[in-house]
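Colleague: Chains as they are written, first to last, in this note's numbering: chain U, 5 to 407; chain S, 115 to 279.
Worth flagging that the hints you see were computed from the coordinates, not collected in a lab.
Glycine included, every Cβ here is placed at the ideal spot set by N, Cα and C.
A portion of the hints provided could be inaccurate.
As a list, the in silico SDA-like pairs of lysine to any residue whose alpha-carbon atoms are at most 25 Å apart [to be verified]:
id, chain 1, residue 1, chain 2, residue 2
1, U, K294, S, T255
2, U, K297, S, G158
3, S, K185, S, K270
4, U, K294, S, R213
5, S, K174, U, A122
6, U, K347, S, N225
7, S, K142, U, C37
8, U, K347, S, G151
9, S, K174, U, L400
10, S, K270, U, Q266
11, U, K184, S, I259
12, U, K347, S, P204
13, U, K366, S, W240
14, U, K179, S, R213
15, U, K137, U, L400
16, U, K294, S, K142
17, U, K108, U, K89
18, U, K108, U, P281
19, U, K143, U, C37
20, U, K297, U, P254
21, U, K89, S, P204
22, S, K185, U, N268
23, U, K347, S, A266
24, U, K366, U, R322
25, U, K297, S, G151
26, U, K294, S, E264
Footprint (simulated), chain S over chain U, 3 or more residues, beta carbon under 8 Å [stated by the list, open to error]:
id, region
27, 32–42
28, 95–101
29, 157–170
30, 320–326
Here are a few chain S residues that sit away from chain U, every Cβ distance over 10 Å (derived from the structure) [said to hold, decoys possible]:
id, residue
31, G151
32, L153
33, T169
34, T219
35, G227
36, T255
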Amino acid sequence: MIRTSLLALVALALALGTALAQMRAPPASEAACEEPTLRCATKVTPAFGPDGTLWLVWMAGGQISVASSQDTGRSFSPPTQVTTKRLNLDWGPDARPKIVVDRKGGIALAFSIFRDEAFNGQVLYTRSADGGKSFAELKPITANNESQRFEALALDQDGTVLAAWLDKRNRVSAKEAGRKYEGAALFFASSRDGGATYAEARLAHEGTCECCRLGLAFAAPGRPAVIFRNIFEGGVRDHAVMTFTAVSTPGEIGRVSNDDWQINACPHHGPSLTIGPNGTYHVAWYTNGKARKGLFYAHSRDEGRTFSVPVALGRLDRSPTRPFVLSAPAGTVMVWKEFDGEKTSVQMTISRDDGQTWSPPKVIASTSDTSDHPLLVSNDKQTYLSWMTKADGYRLTAIEDQP
Amino acid sequence: MRFRFAGVASLSVLIASAAAFGASPALKPFERGTWQGVLRGHAGRPVLVHFWGVTCGPCKVELPLLGQFAKDHPDIDVVTVSADLVPNLPAATQSMLDRAGLSSTENFIFNDGFVERLRFEIDPAWQGDIPRTMLISRDGTITTIEGSAEIADLEKWSAQQLSKH
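Starting from the given sequences, assemble the full structure and let the hints guide the process.
Modeller: Laid out in structure tokens, this is it:
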């Protein structure tokens with residue numbers, strides 16, 4: 005009798021424990037809960053399709069999922085799970101799944117996983133050809149098995165998908181030759197079939213910082229541009245921009261600014277790039293260099309060869325982080341996060357003169373617990389803040405027109 | 115009655131074991147307020163606090179050097195804090211600390227999902243880059259080394275601290 009009661013009690017306790025674990029993540033987690041649903045996501049990336057549909061890809065509960073919204077984020081379709089099993093997803097601060105939606109409605113995705121216990125990464129990709137109902141089997145973006153992380157995707161006008169990422173394959177030959185290998189390399193591959201298959205990976209630039217997100221955009225048809233934290237001479241981890249001369253031909257790099265951040269560390273804090281219809285490059289970044297510290301903005305009107313004098317963003321005593329810049333129908337918009345010791349707020353500023361002057365920063369959202377990076381996304385009419393927060397869930401906030 | 119008590123006690127142990135499964139008992143959780151506790155707990159002594167993470171390349175190189183430094187300088191309190199933001203890390207964290215000879219130092223692991231707040235408590239200017247070392251002298255003066263520390267600099271600081279005593 006006692007044994008039976010005890011067994012029942014144990015079974016009940018274990019069942020309760022399992023149920024609780026499914027519902028709620030431990031307080032240490034960045035996630036609100038542990039299921040693969042949007043509410044439990046830690047990283048959410050948006051993209052508008054050509055028909056105005058909003059697509060989200062997110063990571064939650066060790067899975068990658070996609071859903072769409074026809075009413076700009078008020079309601080979402082039932083999610084499609086892209087991964088078929090729980091994966092050791094790259095949860096680093098600058099990692100997130102990527103999405104592009106082409107003119108035919110094809111959806112290309114890419115994301116990183118940790119493929120071993122040494123935290124070497126692997127970039128996986130997939131595509132949906134049926135409007136997000138199903139996704140092809142996940143494939144590695146390169147056959148090389150060393151380490152890849154921090155992938156970025158961008159879509160050219162002709163439907164070509166370009167993927168770029170940070171790759172550590174060349175540390176093997178360096179080690180064999182007895183040379184010290186610092187950082188990583190910028191690699192890329194293009195896809196002519198909307199992200200169903202990618203050409204062989206190629207080197208764009210050796211000697212990049214290994215742990216910061218990239219910014220990737222098209223300057224003109226066939227001419228992608230990428231911003232990354234480079235390792236300049238003396239171990240200085242400042243930003244560089246490379247504009248390709250063709251989709252498969254890397255170009256020279258231009259230095260965004262001389263911040264003089266000499267550091268042998270992982271800043272976990274990458275830059276943002278957008279290119280306006282007139283070809284102006286707008287960039288935003290974080291540095292802690294000798295020359296300047298904090299968040300900064302600059303623009304280039306010569307395809308990234310030279311940049312304007314950096315302009316500081318945000319309040320230094322409020323730890324400004326995660327800048328994002330987007331060329332949008334109403335102007336060039338920038339957002340970033342600030343933290344006052346209790347709450348995180350998203351600050352927004354807009355420029356209507358191609359980055360010459362900016363409106364006073366305005367708080368457009370806030371939250372009292374941890375949050376994803378603030379991102380911007382535009383359809384042909386309106387720009388939105390896309391922001392995942394642990395306390396308040398996902399929100400898509402229209403950025404009102406500023407006087 | 116006694117059986118029932120024993121049964122309930124066993125159940126408690128079972129549940130507690132299940133909860134602790136996978137976590138290393140040697141790693142202390144670093145939560146809201148922990149930083150002030152560290153400062154109070156070591157007040158008046160020279161302390162080296164090292165922030166690192168298992169996914170950080172430069173940290174992997176630096177950690178064994180720091181292990182040797184801790185061994186060579188028993189008069190300096192060495193504290194490590196795993197500030198990586200990848201979940202489910204206690205086992206990997208402990209394994210790297212053990213290999214680096216840092217099993218017996220005071221070792222913490224970030225255990226609060228609101229990392230902005232944790233970092234803000236430590237240093238509002240810190241945006242999460244690791245490795246990062248904070249040298250706290252007997253009078254509470256903090257010197258921060260961003261990125262990998264040069265062991266020669268640590269030796270110099272250590273010698274200064276001990277000579278003042």
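Colleague: For every hint, state whether the structure bears it out.
Modeller: Tested hints:
Between U:K294 and S:T255 the alpha-carbon distance is near 22 Å, which keeps this suggested pair within the 25 Å criterion. With a C-alpha separation of about 32 Å, the suggested pair U:K297 and S:G158 falls outside the 25 Å cut-off, and the hint is violated. Using a Cα cut-off of 25 Å, the hinted pair S:K185 and S:K270 holds, with the two alpha carbons roughly 16 Å apart. In summary, the hint linking U:K294 to S:R213 is not supported, as the alpha carbons are separated by about 35 Å, beyond the 25 Å threshold.
Simply put, S:K174 and U:A122 have alpha-carbon atoms about 10 Å apart, close enough for the 25 Å limit, and the pair holds. For the suggested pair U:K347 and S:N225, the alpha carbons sit about 19 Å apart, so the restraint of at most 25 Å is met. Our distance criterion of 25 Å between C-alpha atoms is met by S:K142 and U:C37, whose separation comes to about 23 Å. Proposed proximity of U:K347 and S:G151 is supported: the alpha carbons are some 23 Å apart, at most 25 Å.
Only pairs whose Cα atoms come within 25 Å are accepted, and S:K174 paired with U:L400 is rejected, the gap being roughly 39 Å. A threshold of 25 Å between alpha carbons decides the hint, and for S:K270 with U:Q266 the separation of about 21 Å falls inside it, so the pair holds. For the hint linking U:K184 to S:I259, the alpha-carbon distance of about 23 Å falls within 25 Å, and the restraint holds. About 28 Å separates the Cα atoms of U:K347 and S:P204, which puts this hinted pair outside 25 Å; it is violated.
Between U:K366 and S:W240 the alpha-carbon distance is near 24 Å, which keeps this suggested pair within the 25 Å criterion. Restraint check for U:K179 and S:R213: satisfied, since their Cα atoms lie roughly 22 Å apart, inside the 25 Å limit. This hinted pair checks out: U:K137 and U:L400 have alpha carbons roughly 23 Å apart, not beyond 25 Å. Between U:K294 and S:K142, the direct Cα distance comes to roughly 35 Å. Violation of the 25 Å bound is thereby established for this hinted pair.
The suggested pairing of U:K108 with U:K89 is violated, with an alpha-carbon distance near 29 Å, which exceeds 25 Å. With a C-alpha separation of about 22 Å, the suggested pair U:K108 and U:P281 falls inside the 25 Å cut-off, and the hint holds. The straight-line distance between the Cα atoms of U:K143 and U:C37 is roughly 28 Å, outside the 25 Å bound, and the hint therefore fails. Distance hint between U:K297 and U:P254 is unfulfilled; the C-alpha atoms sit about 30 Å from each other, more than 25 Å.
With a C-alpha separation of about 23 Å, the suggested pairing of U:K89 with S:P204 holds against the 25 Å cut-off. Using a Cα cut-off of 25 Å, the hinted pair S:K185 and U:N268 holds, with the two alpha carbons roughly 24 Å apart. Restraint check for U:K347 and S:A266: not satisfied, since their Cα atoms lie roughly 40 Å apart, outside the 25 Å limit. For the hint pairing U:K366 with U:R322, the CA-to-CA distance comes to about 14 Å; that is within 25 Å, so the pair holds.
Annotation: proposed proximity of U:K297 to S:G151 is violated, straight-line Cα distance about 29 Å (limit 25 Å). Between the alpha carbons of U:K294 and S:E264 the distance comes to roughly 18 Å, so the proposed pair stays at or under 25 Å and holds. Residue count for the region 32–42 of chain U with a Cβ under 8 Å from a Cβ of chain S: 4. That meets the three needed, and the coverage hint holds. Coverage of the region 95–101 of chain U by chain S holds [criterion: at least 3 residues with CB-CB distance below 8 Å; count 3].
For a cut-off of 8 Å, the count of residues in the region 157–170 of chain U with a CB near a CB of chain S stands at 0, and the three-residue condition is violated. With 5 residues bearing a CB less than 8 Å from a CB of chain S, the region 320–326 of chain U meets the requirement of three and the coverage assertion stands. The non-interface label for S:G151 is consistent with chain U: the shortest C-beta to C-beta separation is roughly 17 Å, beyond 10 Å. Distance check on S:L153: its Cβ is at least 17 Å (rounded) from any Cβ of chain U, clearing the 10 Å threshold; non-interface status holds.
The beta carbon of S:T169 sits about 4 Å from the closest Cβ of chain U, which is not more than 10 Å, so the claim that it is off the interface is violated. Residue placement check: S:T219 keeps its beta carbon more than 10 Å from all beta carbons of chain U (closest about 21 Å). Not every C-beta of chain U lies more than 10 Å from that of S:G227, the closest at about 4 Å, which undercuts listing it as non-interface. No beta-carbon of chain U comes within 10 Å of the beta-carbon of S:T255; the shortest separation is about 21 Å.
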